[in-house]
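2 protein chains.
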Amino acid sequence: MVDTIISSKTKEVVIGAGRPFVIIGERINPTGRKVLAREMAAGNFERVKKDALAQVEAGAHLLDVNAGIPLADEPAIMAQAIQLVQSITDVPVSIDSSVVAALERGLEAAQGKPLLNSITGEDERLELLLPLVKKYGCAFIGISNDESGISEDPDVRFAVAKKIVERAEDHGIPRSDVLIDPLVMPIGAMASAGRSVFKILNRCRDELGVNTCCGASNVSFGLPNRKVLNGTFLAMAIANGLTSAITNPIEPEIKQAIQASDVFMGNDENCLTWISANPSAKKGSAEGGERRGRRERRGRRSRREAAEQG
Amino acid sequence: MVDTIISSKTKEVVIGAGRPFVIIGERINPTGRKVLAREMAAGNFERVKKDALAQVEAGAHLLDVNAGIPLADEPAIMAQAIQLVQSITDVPVSIDSSVVAALERGLEAAQGKPLLNSITGEDERLELLLPLVKKYGCAFIGISNDESGISEDPDVRFAVAKKIVERAEDHGIPRSDVLIDPLVMPIGAMASAGRSVFKILNRCRDELGVNTCCGASNVSFGLPNRKVLNGTFLAMAIANGLTSAITNPIEPEIKQAIQASDVFMGNDENCLTWISANPSAKKGSAEGGERRGRRERRGRRSRREAAEQG
Numbered sequence: 003m004v005d006t007i008i009s010s011k012t013k014e015v016v017i018g019a020g021r022p023f024v025i026i027g028e029r030i031n032p033t034g035r036k037v038l039a040r041e042m043a044a045g046n047f048e049r050v051k052k053d054a055l056a057q058v059e060a061g062a063h064l065l066d067v068n069a070g071i072p073l074a075d076e077p078a079i080m081a082q083a084i085q086l087v088q089s090i091t092d093v094p095v096s097i098d099s100s101v102v103a104a105l106e107r108g109l110e111a112a113q114g115k116p117l118l119n120s121i122t123g124e125d126e127r128l129e130l131l132l133p134l135v136k137k138y139g140c141a142f143i144g145i146s147n148d149e150s151g152i153s154e155d156p157d158v159r160f161a162v163a164k165k166i167v168e169r170a171e172d173h174g175i176p177r178s179d180v181l182i183d184p185l186v187m188p189i190g191a192m193a194s195a196g197r198s199v200f201k202i203l204n205r206c207r208d209e210l211g212v213n214t215c216c217g218a219s220n221v222s223f224g225l226p227n228r229k230v231l232n233g234t235f236l237a238m239a240i241a242n243g244l245t246s247a248i249t250n251p252i253e254p255e256i257k258q259a260i261q262a263s264d265v266f267m268g269n270d271e272n273c274l275t276w277i278s279a280n281p282s283a284k285k286g287s288a289e290g291g292e293r294r295g296r297r298e299r300r301g302r303r304s305r306r307e308a309a310e311q312g
Numbered sequence: 003m004v005d006t007i008i009s010s011k012t013k014e015v016v017i018g019a020g021r022p023f024v025i026i027g028e029r030i031n032p033t034g035r036k037v038l039a040r041e042m043a044a045g046n047f048e049r050v051k052k053d054a055l056a057q058v059e060a061g062a063h064l065l066d067v068n069a070g071i072p073l074a075d076e077p078a079i080m081a082q083a084i085q086l087v088q089s090i091t092d093v094p095v096s097i098d099s100s101v102v103a104a105l106e107r108g109l110e111a112a113q114g115k116p117l118l119n120s121i122t123g124e125d126e127r128l129e130l131l132l133p134l135v136k137k138y139g140c141a142f143i144g145i146s147n148d149e150s151g152i153s154e155d156p157d158v159r160f161a162v163a164k165k166i167v168e169r170a171e172d173h174g175i176p177r178s179d180v181l182i183d184p185l186v187m188p189i190g191a192m193a194s195a196g197r198s199v200f201k202i203l204n205r206c207r208d209e210l211g212v213n214t215c216c217g218a219s220n221v222s223f224g225l226p227n228r229k230v231l232n233g234t235f236l237a238m239a240i241a242n243g244l245t246s247a248i249t250n251p252i253e254p255e256i257k258q259a260i261q262a263s264d265v266f267m268g269n270d271e272n273c274l275t276w277i278s279a280n281p282s283a284k285k286g287s288a289e290g291g292e293r294r295g296r297r298e299r300r301g302r303r304s305r306r307e308a309a310e311q312g
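Here the protein sequences line up with chains R and Z, keeping their order. Counting in my numbering, the final residue of the first sequence is number 312, and the numbers go up one at a time with none missing. Counting in my numbering, the final residue of the second sequence is number 312, and the numbers go up one at a time with none missing.
Calculated directly from the structure, the hints in this document are not laboratory data. Backbone N, C-alpha and C define an ideal beta-carbon position, used for all residues, glycine too. Wrong hints could be hidden among the right ones.
Unchecked claim - Pairwise CB distance ranges, derived in the manner of DEER restraints: (1) SER150(Z) x VAL158(R): 44 to 52 Å; (2) ALA19(R) x ILE152(Z): 20 to 28 Å; (3) SER150(Z) x GLY151(R): 20 to 28 Å; (4) GLU59(Z) x MET192(R): 30 to 38 Å; (5) GLU154(R) x PRO254(Z): 50 to 58 Å; (6) ASP208(Z) x SER150(R): 27 to 35 Å; (7) SER150(R) x ASN272(Z): 24 to 32 Å; (8) ALA161(R) x SER100(Z): 45 to 53 Å; (9) GLY151(R) x ASN220(Z): 29 to 37 Å; (10) GLU154(R) x ASP125(Z): 45 to 53 Å; (11) GLU154(R) x ASN46(Z): 52 to 60 Å; (12) GLU59(R) x LEU55(Z): 41 to 49 Å; (13) LYS165(Z) x LYS137(R): 53 to 61 Å; (14) GLU59(Z) x PRO176(R): 34 to 42 Å.
Based on the provided sequences and hints, a complete structural model is requested.
This is the structure we're talking about:
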């Protein structure tokens, strides 16, 4: 399987099956965040700054930057946000928009080799955006839907993924620069959503040999205890070949699920990351629980023995 | 893929790919539990009783019963423990021993159709135990090692699994009565342990069409925060086809990982089990967290606005 390289001016991030899972921080996105949208539209990027720093601190390897604010000058805001993020962190960026002009301004503004997020399998989008990918030499996320919408059939979605990879190659873009997004639907609305994603991930890994990426938060929409659902879903997807995701590393349940998945994929050498993320204090408290259990058992036995003697 | 049916006198448990994951409670096992071993050897089954009830209460569909106590009369203790467990719960049992006489006494004592745990791929064990499985009409766990030991190569372990299934069929035992255990090694000692298991599970599902079972606790041996590791490992294994496991449902991290996995495999109809296990209190507190987040953001803005005005 290929490696996908993304970079900032000073840092290279490699996405690949034999490597630790790559986390793309999702928080810099005004969709559904009214205060952030208002602030960004007014040229106030304080919250963007905080979100950038907090996500990198929590382990994000890339930062997704979305500037989708209704009626605002999205291309200008995108450029500003990307410049800001890359001035205060050293991570590469994922330029996230459905507006071509915003993607292009983002590509102009970004340092290194960014990730373009995203291109669907619609012919018009492919013909519009693949030349841009080629021109800027970036990598991109290809989304497995096309003119006919999002199919419920994983084989149809895989066919779209395959078409995207082939069309990219026609434009001189190697498959190492394509991440396929299998499209994650809310499991509460479609019981087959998980199985479909697992199947597409398997086929992308085994038949196309490309890396994959998904937005992992949508899957739990409408359900309780979403963090545990999102973390578990990521682990299951990683076990089926997923190599990166747009998610929130600040949530401990999600971060731990990803780190444990790295352990079981054999991508955490000597489990050192896991061990350092779960220091002896935590280990002690877990063992403390076992010790307490033994004490309780001893305690019960003592009471029983006392009763027998009594 | 086939369904595997296990039963008590009054309850049928079905293991299969299109069904909720089956939990076999691991706690009734004196290995490494000195107090329990001493008590069982002395004919005191109070702790067995408590462990049985607590595990069923926590969601165990079957109870594993192991009576492996050095120098004790294992066959007699096995029979007593099984009779006791089936007198106070309605779940089927898994009869867990490496001693043939203990397995046979367990089979005599058990009501319904129990699970025999386990038979390795060693010719001698197969020829000794398969006739017993046939005689009692039970199901069994086939372990993917043989005379040559436990191979690190998943394809070799799969070949042993295949041999077990075929040998069982030679004895008139249908593959629906065979659960293959891919053998889970500690990931801290062998970085490929997870990937090997996933590959064997895939092949068991796709090529043999049999159900699978594993002891899921050994995988985290020697590492900190074992409950999260065990839960995550189970989710990843389920995503690769695992249909049952011997584990501890009393641990919330493990129980939640299994329930979330059922959701993503499409085996929790309308997510009703998940929703009822995560009631509005928890949901409220999660949403409360988001609300608090919004309040905090508003709070910061207010302070900033105040500062700007000041």
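Each hint tested on the structure:
no. : hint                              : result
1   : SER150(Z) x VAL158(R): 44 to 52 Å : 45 Å, holds
2   : ALA19(R) x ILE152(Z): 20 to 28 Å  : 25 Å, holds
3   : SER150(Z) x GLY151(R): 20 to 28 Å : 53 Å, violated
4   : GLU59(Z) x MET192(R): 30 to 38 Å  : 33 Å, holds
5   : GLU154(R) x PRO254(Z): 50 to 58 Å : 33 Å, violated
6   : ASP208(Z) x SER150(R): 27 to 35 Å : 29 Å, holds
7   : SER150(R) x ASN272(Z): 24 to 32 Å : 28 Å, holds
8   : ALA161(R) x SER100(Z): 45 to 53 Å : 50 Å, holds
9   : GLY151(R) x ASN220(Z): 29 to 37 Å : 46 Å, violated
10  : GLU154(R) x ASP125(Z): 45 to 53 Å : 48 Å, holds
11  : GLU154(R) x ASN46(Z): 52 to 60 Å  : 57 Å, holds
12  : GLU59(R) x LEU55(Z): 41 to 49 Å   : 46 Å, holds
13  : LYS165(Z) x LYS137(R): 53 to 61 Å : 57 Å, holds
14  : GLU59(Z) x PRO176(R): 34 to 42 Å  : 56 Å, violated
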